[in-house]
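A.B. asks: Chains as they are written, first to last, in our numbering: chain A, 136 to 214; chain B, 4 to 232.
In short, the hints are calculated from the structure, not lab data. All residues carry an ideal CB built from backbone N, CA and C; glycine is no exception. Misleading hints may appear alongside valid ones.
[Said to hold, decoys possible] With a straight-line Cα cutoff of 30 Å, these simulated DSS-like cross-link-like pairs (lysine-lysine) come out:
1) Lys-81/B to Lys-198/A
2) Lys-81/B to Lys-155/A
3) Lys-198/A to Lys-10/B
4) Lys-176/A to Lys-10/B
5) Lys-146/A to Lys-176/A
[As the list claims (entries may be wrong)] Going by beta-carbon spacing under 7 Å, a handful of chain A positions derived as facing chain B:
6) Ala-152
7) Asn-202
8) Val-204
9) Ile-205
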Amino acid sequence: MAQVKVYITLKPSLLDAQGKVVQGALHQLGYEGVEQVRIGKYIEMTVADGPQRDAHIMEMCEKLLANLVIEDYRYEVIE
Amino acid sequence: MKFGVIKFPGSNCDQDAYYTVKDVLGQPVEYLWHGDSDLKAVDCVIVPGGFSYGDYLRCGAIARFSPAMIATHEFAAKGGLVLGICNGFQVLCESHLLPGALVRNDGQKFVCKQIHLRTENTDTPFTGALSPGQIIQVPIAHGEGKYVCDEAVLAELDAANRILFRYCDADGTRTETSNPNGSTDDIAGIASANFNVLGLMPHPERAADPALGSADGRAIFESLLKFWH
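If we strip away everything but chain A, and leave its shape as in the complex, we get:
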């Protein structure tokens, strides 16, 4: 089994209203050098090894875990 970490974020072309509000709060706390706050999702899972492993991870991301109309995804595999 491999441990897989999937990161899902809103596409850069979409306004991340949540990120904007959090960025405003950080500025208010005095962290004025903070920009580009984007809030996304993080999913952990274990996936069976095999020649199709990466193909299956991408398929799962594209079918269900991310909505490619509004989101981008990337993943890491920890062997």
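On the provided structure of chain A, position chain B as indicated by the hints.
C.D. replies: Chain B only, in chain A's frame:
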């Protein structure tokens, strides 16, 4: 005309839709269980509001793969009439029966209030009983109702008159404050290319009986009957 209302775990407007069809319109209606692929030979499937499967992952993302939605997808592909309201609209977008997606309201808050809609196309099964430009008052109740799509999709929706309803104020003017969630182009409801599928965030089924404060939403259901008969 026989209607079916899908019940997902977490649906909460299924009874409102059922009531509107049965008691306001006087038409036969059945509940369709999410785990069944039998659509009970209905003429129109209503995908109701609520929080299907807890809105886990994304609104509508899990519901898309339920047996009832897979059957509804096939039904729609053959020209069957499908009406998605609120969470139902989100489910239809996730199912790719309608383009684009619904994301968090610009204001970050769940918005529950009466709003006004302008009817933009009356030449569809869902709007034939309305007059061009007619303003209707119906409620909204959603946290993720901001419609987004890319520019190519927006141009296509606009050119084909597939935007059936836009948010406006009481006299039909579109202003910054009449758009409750930041939807692209003030979009409240869109139809499929063949106009047999409509998804909208506002709740016409909660405004189909004068006792509920407005009966304006009834016209959408009356349109379906007019189209059918």
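A.B. asks: Taking the hints in turn, state whether each one holds.
C.D. replies: Going down the list of hints, with the structure as the test:
no.: 1; hint: Lys-81/B to Lys-198/A; verdict: holds (23 Å)
no.: 2; hint: Lys-81/B to Lys-155/A; verdict: violated (43 Å)
no.: 3; hint: Lys-198/A to Lys-10/B; verdict: holds (23 Å)
no.: 4; hint: Lys-176/A to Lys-10/B; verdict: holds (28 Å)
no.: 5; hint: Lys-146/A to Lys-176/A; verdict: holds (13 Å)
no.: 6; hint: Ala-152; verdict: holds (5 Å)
no.: 7; hint: Asn-202; verdict: holds (6 Å)
no.: 8; hint: Val-204; verdict: holds (5 Å)
no.: 9; hint: Ile-205; verdict: holds (5 Å)
Violated hint for the displayed structure: number 2, the only one.
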